[in-house]
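Engineer: Residues per chain, in single letters:
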Amino acid sequence: MILLRRPVLLVLIAALILSSAVPLLITSGYALQQPYDDELKELYIRVYRLGREGIDVSDIVNDMNRVVELVNAGRLDEADKLIRDIESRVARLETEAGDILFWENFRKYSVVAILISLPIIAYIFLPRLYLEAWYRLRRRWLVKR
Amino acid sequence: MIFDDEVLAVILALIVVGSVFGVAELMRPRVTEPFTALGLLNEDLKIGDYPSKVVVGQNITLGIFVHNYMGYPIYYRVIYKVGTNETLPTNSSESPMPPIKYWEGFLDHDQNATFLINIQVYETGRKALIFELWTYDPEGDRWVYTGRWNHLYVDVVEAPIP
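Each protein sequence line maps, in turn, to chains A and B.
Take 1 as the starting number for the first sequence in the numbering used here and just add one per residue.
Take 1001 as the starting number for the second sequence in the numbering used here and just add one per residue.
Hints may be right or wrong, so weigh each one.
Said to hold, decoys possible - For the chain A half of the interface with chain B, some residues (derived, Cβ under 7 Å), not all of them: (1) 45; (2) 47; (3) 68; (4) 119; (5) 122; (6) 123; (7) 125.
Said to hold, decoys possible - In silico DSS-like cross-links for lysine-lysine, where the CA-CA straight-line distance does not exceed 30 Å: (8) B:1127 x B:1053; (9) B:1127 x B:1046; (10) A:41 x A:81; (11) A:41 x B:1101; (12) A:81 x B:1101; (13) B:1127 x B:1101.
Since the hints were made in silico from the structure, they are not lab data.
From the three backbone atoms N, C-alpha and C, an ideal C-beta is built for every residue, glycine too.
Pulled out of the complex, with its shape left as it was, chain B reads as follows (with noise of 0.2 Å):
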């Protein structure tokens, strides 16, 4: 094996490249794009196959997932309310429907949580079952839209008279 100038430069720049990319790694914020994330999944905790027809009080079961990508610990709340296409949240606001029920937990930076939720409707017609997420923001000490919601469209009939 020849090891002359070149090799060496060559094998010095693969070690400086390496080292570069190491020291990036490590110095690198530990997150850059914080985020969290809501899902509502079936009674499987599987995506799809949701009912699309139910009836009044019926117990509807659905999951959750929420997912704290924040860089910290999160105290998050999942909000259930019944409404239309009308009065479905933004990114930036909530459902002016009032809640119904409400799911809460605590995740760290990196963790998930999945469960499983029971709801009724109590409404007949077209129907939004909404979900919204919200976390405790303890520096205003006040619970904060997170700007995450999902929906769900049922028709909600009447129970059939036997």
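Next comes chain A alone, as it looks inside the complex (with noise of 0.2 Å):
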């Protein structure tokens, strides 16, 4: 019984062996470590929050792929501390997203305010700018009886 057994038990293994391999096969290019991979993900959702209410994030996504490349690199002490800066300078962000939005959209509205009166403006100005300047132009001019 245990001499019929044998062969089952050693496909079983030769099966489990097999299925653990698979993964390794699967060898990554510029793939990140585990604990890496983690960081930089939730960090990244915070970027991209922050991203998609328009701050401006270009700096710290730059930064954050020479984390990638440190990592791959080797250099993990540096790559360590440019994570801890990244999240230090994204919490700052954080807290001060309401108030660039806000700016940025006072910016914004304003340039917009500016530009739709631009006509009227122009249309109550510019016949009394154009009149100054005629009269400014032709002050010197005698007139002859």
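Two chains, each in its own frame: build the complex with the hints.
Structural biologist: Have a look at this one:
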């Protein structure tokens, strides 16, 4: 009975080894190590939210790419340091996001208001400015009787 | 110069049109058609002149170009697979072949990345080197196939016996 079971057992063990070997075939090019992968994912979610709101995150995104490069080059201390730096900058941006967006919108709508009022301003002041210029250019003229 | 009502009307019309265009430019959404792009380049990072015949296990150097115009930063992954003309991806589904290698990075809106990669093929015959672009979906916490892919057909031959 035991002898009959042995091949079955061997097949099972072989199947187990093969199934565990499959993920080993999937090698990574510039894939991150797991702790960095999770850390950068969390950081990315925060940066993504800021970016969607309209906050400029291009410097932070460039530094996150730098972290990927450092991790792949095995310079983990530098990568850790840069991650901490990015985290503090993201946290600062998160607290300042409201103010940044308020002033950004203020600037945008101020320009819109100026642009909308331009035709009215031109309608009121353009003839007056033209007359003013006309008279100034001819102020030395003498009127002949 | 005569500055009568007609001249004033023309000048005002020009100012009105200019201000309307200005307001429209400021108020339009930043991105109207979001997209990502993936490009396959040769080892000089140019289009064309790709290798067509390679030896099993030989290092193949290619260039990858990724562009983000989604309106927000993306976390992308370029996944390399080896398949045939029957296992190519489509715009809606990825190739069924298993991933062999991948490269990842981050791109802000309207940024692009170009980098060199080294790959190998270990099966002989006419093979398709498949590159798929995936992005991380922060809402669903998963990697999503963007529908962008490139492929390059190569004839893979055995190494000549010296």
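Engineer: Does the alpha-carbon distance linking residue 1127 of chain B and residue 1101 of chain B stay inside the 30 Å limit?
Structural biologist: Between residue 1127 of chain B and residue 1101 of chain B the Cα gap is close to 16 Å, so the pair holds against 30 Å.
Engineer: Hint check: is the beta carbon of residue 47 of chain A less than 7 Å from a beta carbon of chain B?
Structural biologist: holds (6 Å)
Engineer: Against the 30 Å threshold, does the CA-CA distance of residue 41 of chain A and residue 81 of chain A hold or violate the hint?
Structural biologist: Measuring from Cα to Cα gives roughly 17 Å; hence the hint holds.
Engineer: Would you mind confirming whether the straight-line C-alpha gap from residue 1127 of chain B to residue 1053 of chain B stays at or under 30 Å?
Structural biologist: Roughly 10 Å separates the two Cα atoms, so the pair holds.
Engineer: Taking 7 Å as the limit, does the beta-carbon of residue 125 of chain A come near enough to a beta-carbon in chain B?
Structural biologist: Result: violated, 11 Å to nearest chain B Cβ.
Engineer: Should the hint that residue 119 of chain A touches chain B count as held when the rule is a Cβ pair under 7 Å?
Structural biologist: Interface hint status for residue 119 of chain A: holds (5 Å vs cutoff 7 Å).
Engineer: For a C-alpha distance cap of 30 Å, please report whether residue 81 of chain A and residue 1101 of chain B respect it.
Structural biologist: Given pair residue 81 of chain A, residue 1101 of chain B holds - Cα atoms ~28 Å apart, limit 30 Å.
Engineer: Is it true that the CA of residue 1127 of chain B sits at most 30 Å from the CA of residue 1046 of chain B?
Structural biologist: holds (22 Å)
Engineer: Holds or violated: residue 45 of chain A as interface residue toward chain B, Cβ cutoff 7 Å?
Structural biologist: Constraint on residue 45 of chain A satisfied, holds at 4 Å.
Engineer: For the pair supplied as a hint, residue 41 of chain A and residue 1101 of chain B, confirm whether the alpha-carbon distance does not exceed 30 Å.
Structural biologist: Satisfied, since the Cα-Cα distance of roughly 19 Å is no more than 30 Å.
Engineer: Take the shortest C-beta to C-beta distance between residue 123 of chain A and chain B; is it under 7 Å?
Structural biologist: At about 6 Å, which falls below the 7 Å cut-off, the nearest Cβ of chain B leaves the hint on residue 123 of chain A intact, so it holds.
Engineer: Holds or violated: is there a CB of chain B closer than 7 Å to the CB of residue 68 of chain A?
Structural biologist: holds (6 Å)
Hint violations for this structure: number 7 only, all remaining hints satisfied.
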